[in-house]
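2 protein chains.
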Amino acid sequence: MPSLQKAAFQLDERLARDTVLATVTGLCQLRVMKDGRWPWVMLVPQRGGVSETFELTPLDQTMLTFETNMVASALKKVTGAKKINVAAIGNIVSQLHVHIVARSEGDPNWPGPIWGFGSAEPRSETDMKDFIKALTEAL
Amino acid sequence: MPSLQKAAFQLDERLARDTVLATVTGLCQLRVMKDGRWPWVMLVPQRGGVSETFELTPLDQTMLTFETNMVASALKKVTGAKKINVAAIGNIVSQLHVHIVARSEGDPNWPGPIWGFGSAEPRSETDMKDFIKALTEAL
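Chains as they are written, first to last, in full-length UniProt numbering: chain A, 1 to 139; chain B, 1 to 139.
Keep in mind that the hints were calculated from the coordinates and are not lab data.
Restricting the straight-line Cα-Cα distance to at most 35 Å, the calculated cross-link-like pairs of lysine-lysine (DSBU-like) are:
#: 1; chain 1: A; residue 1: 77; chain 2: B; residue 2: 83
#: 2; chain 1: B; residue 1: 82; chain 2: A; residue 2: 82
#: 3; chain 1: A; residue 1: 76; chain 2: A; residue 2: 34
#: 4; chain 1: B; residue 1: 34; chain 2: B; residue 2: 77
#: 5; chain 1: A; residue 1: 83; chain 2: B; residue 2: 83
#: 6; chain 1: B; residue 1: 76; chain 2: A; residue 2: 34
#: 7; chain 1: B; residue 1: 34; chain 2: A; residue 2: 83
#: 8; chain 1: A; residue 1: 76; chain 2: B; residue 2: 76
When you get a sec, could you build the whole thing from the sequences and use the hints?
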């Protein structure tokens, strides 16, 4: 029995501070980054004690893939982005979380990565509300 | 019929130049980066005309997930890394490719990302051969 995966899920404090809950996609919480420099969301599987995708059960791995691709496709649709970046990094926050980011030519640090670049810039409340509405409708 | 996915697969020239073929995992070529700063490999689905994971068929998406997690787990085993980073970025090379990187405290740019950081440093031929042997045996 993989006891690691039996720990209760509790959202990491830093993820909670940096993001806003948009919806629950099934396995995951879909959360939007407060940093408004890019359309940038995150899927957090609601499983405790998991930091690597391969630690999930095979069914959860498949669910995460399905939800990641569903969100990535919706994000591309609502933003018209040139490229969707998908990454599970977790060097700082070890709780498994998957970044899904819409990138466009000329955006901050294009075509470089968004991670570790510059400082967060807040989204307005209206902008956040509109973005969540558009994204969840496109799912 | 998704004609996009019917294009013949041909490895992108830059990916070919920067990597060495280790093996074929099923859907994907498993390739090792010549940059030796980190244990850094890449899965390239052998499908033409695909730049986003969600453009693959559902079966191919599942295969890619399975192969990604198999390689990530093997990479963790052979390196003893603290964290495995997995990312599909593709802002520069649009052909779909998934980075799988073993990260350890104190490695170059830890805990920042590896993408866009510094300049490549070559691996020795012996080191490359040993790494490929260890990794493929762990699959």
